[in-house]
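**Q** Sequence:
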Amino acid sequence: MGCGKGHKNGCVCDAVQQILDAQEAVEDRCPTSCFENLLSPVNFVGDTIPFVLTGKKGDLFKAFGNVGGFADDNLCFETIFFRVEKLRGCCATLSLLRTYDAAGETINVCSPCDDELFGLERTDFCIEVDLDCFCAIQCLSPSLVDRALDVKSHKHRY
1 MGCGKGHKNG CVCDAVQQIL DAQEAVEDRC PTSCFENLLS PVNFVGDTIP
51 FVLTGKKGDL FKAFGNVGGF ADDNLCFETI FFRVEKLRGC CATLSLLRTY
101 DAAGETINVC SPCDDELFGL ERTDFCIEVD LDCFCAIQCL SPSLVDRALD
151 VKSHKHRY
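The working numbering numbers the first residue of the sequence shown as 1 and each following residue consecutively.
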């Protein structure tokens with residue numbers, strides 16, 4: 001059971017189900033879906049609704065990707081941003097979204113309001129979570145994902 005008492009499923013679980021439904025509607029390119037406008041405003045075609053999760057003590061949930069540096073640019077990263085991939089009851093598979101600055105360099109941010117944050121990028125790194133362990137979810141603008149860089153080089157740093 002989530003933070004609220006007496007609920008069969010928590011509101012975080014319900015919200016993640018709505019996000020997954022919206023993402024799948026776009027992935028299927030369903031022309032009659034009312035969710036398609038959420039993910040495809042004018043001049044933007046995307047399939048990700050990024051979000052952050054807040055724990056029962058009010059702290060933002062974070063996870064780590066590429067631990068040990070075995071993939072891509074060999075850099076481990078920390079993130080507070082996620083994309084739902086699968087949902088089974090209130091157990092979810094979330095992919096980690098990598099954060100980058102205006103130069104395309106990987107950065108670790110502790111807050112969605114961090115001045116250096118320019119965009120988010122989908123990764124193949126996933127975690128399994130019990131959504132009943134969270135009290136709040138906040139959806140962010142889909143336009144943050146794969147936001148176009150002003151420079152042609154794409155570097156990673158910490």
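No wet-lab data here; the hints were simulated from the structure. On a predicted model such as this, the values are computed, not experimentally measured, just so you know. Wrong hints could be hidden among the right ones.
Claimed, not checked - Keeping only pairs whose Cα atoms sit at most 35 angstroms apart, straight-line, the calculated DSBU-like set for lysine-lysine is:
(1) 57 x 86
(2) 86 x 62
(3) 56 x 86
**Q** Within a Cα-Cα threshold of 35 angstroms, do residue 57 and residue 86 meet the stated pairing?
**A** holds (26 angstroms)
**Q** Please work out if residue 86 and residue 62 have their alpha carbons no farther apart than 35 angstroms.
**A** Holds, at roughly 18 angstroms.
**Q** Next pair to validate is residue 56 with residue 86; report whether the Cα-Cα distance is within 35 angstroms.
**A** holds (23 angstroms)
When each numbered hint is compared with the structure, no violation occurs for any of them.
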